[in-house]
Amino acid sequence: APEIHLNAFTSFSVKNLGTMFPILFVTVACGAISGFHSLVGSGTTAKQLDREEDAKTIGYGSMLIEGVLAVLALLAVATLTRPEFTGFYSSRHFVSAFAEGVGRFISKIPLLHIPVSGARTFTALAVAAFALTSLDTATRLARFAFQEFFEQAKEKSSKTNSLIENRFVATTITVLFSTLLTFSGKSDSIWPIFGSANQLLAALALLAISLWLINQKENATFTLIPMVFMFAVTLAALVSLFYTNFIQQQNYLLAFLSIVLFTLAVFLGFQAYHKLRTQTPGKSLPLHHSE
1 APEIHLNAFT
11 SFSVKNLGTM
21 FPILFVTVAC
31 GAISGFHSLV
41 GSGTTAKQLD
51 REEDAKTIGY
61 GSMLIEGVLA
71 VLALLAVATL
81 TRPEFTGFYS
91 SRHFVSAFAE
101 GVGRFISKIP
111 LLHIPVSGAR
121 TFTALAVAAF
131 ALTSLDTATR
141 LARFAFQEFF
151 EQAKEKSSKT
161 NSLIENRFVA
171 TTITVLFSTL
181 LTFSGKSDSI
191 WPIFGSANQL
201 LAALALLAIS
211 LWLINQKENA
221 TFTLIPMVFM
231 FAVTLAALVS
241 LFYTNFIQQQ
251 NYLLAFLSIV
261 LFTLAVFLGF
271 QAYHKLRTQT
281 PGKSLPLHHS
291 E
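Note that my numbering gives residue 252 to position 252 of the sequence shown, counting from 1, and the numbers run on in steps of one.
These are computed hints drawn from the structure, not numbers from a lab. Any given hint could be a false lead.
Said to hold, decoys possible - Derived DEER-like restraints, expressed as beta-carbon distance ranges:
1. ILE109 x GLU218: 41 to 51 angstroms
2. ILE190 x LEU74: 22 to 32 angstroms
3. GLU3 x PHE150: 15 to 25 angstroms
4. SER11 x LEU163: 50 to 60 angstroms
5. ILE164 x SER134: 22 to 32 angstroms
6. ALA46 x LEU75: 28 to 38 angstroms
By construction, the Cβ of each residue, glycine as well, lies at the ideal position given by its N, Cα and C atoms.
Sequences are here, hints too, so could you generate the full structure?
Dropping the structure here:
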């Protein structure tokens, strides 16, 4: 069996990353809950189901598999020696690190007799396919968000708004900005904020579900409790990121984004509270439908 070389625990605090709490909860952004996956479920998966009853099996089952993948990724990296891990990390060859670790696992499976090199290549190919489908889905969801942003001004709609809301135009603009960010070489500079933004989106998804359940006079405790926890953890992480990036590293872009996300989270929380106090029980909440 593969040997575990990296230490199971090093410290509650890591330089340039912060403390284990709350950063841990916005780093492993998959498995238990994820804002990106909530968008996938509502914007894509919901339109692919034959029956509503299948949503639980597919949605919950997929997140369990995602959790297994997260554990597998941690185990794969743990099989690397310290020099190997340092080499992969410093060169930012993260896919290679994952492929190397999983390749060692596969090569140890009895009866298969797959060499490490072959298993490593297969794993790298699987990761590439995963990234390709994720980019396709993310682009579609970004287009949804872009269109809905301009839908808010429909009462003052113009030809410009109608043009921007066109799915082909909206997709082109979305891809263009993503391409510019990629080739600018600056995409890594905003990556540290991804985990907080993703889990904040998860908290907002729980908030939306809670509002709907309360409006339907259903028990929303099972979504309200994790929603409060996710809001608290995410806001704490944003404060930690602001301190790390602004006070210690003078990364003003990430510090600014931390402030923006924190402000939006607080604003949406107050908006939800106001909606709960003014919403007539049983009356449908306004919903937006994307193509």
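Hints versus structure:
1. ILE109 x GLU218: 41 to 51 angstroms: 46 angstroms, holds
2. ILE190 x LEU74: 22 to 32 angstroms: 24 angstroms, holds
3. GLU3 x PHE150: 15 to 25 angstroms: 55 angstroms Cβ-Cβ, so the 15 to 25 angstroms window is violated.
4. SER11 x LEU163: 50 to 60 angstroms: 53 angstroms, holds
5. ILE164 x SER134: 22 to 32 angstroms: Hint holds: Cβ distance 25 angstroms, inside 22 to 32 angstroms.
6. ALA46 x LEU75: 28 to 38 angstroms: With a Cβ separation near 33 angstroms, ALA46 and LEU75 satisfy 28 to 38 angstroms, so the hint holds.
The structure fails to meet hint 3 from the earlier list, while all remaining hints are met.
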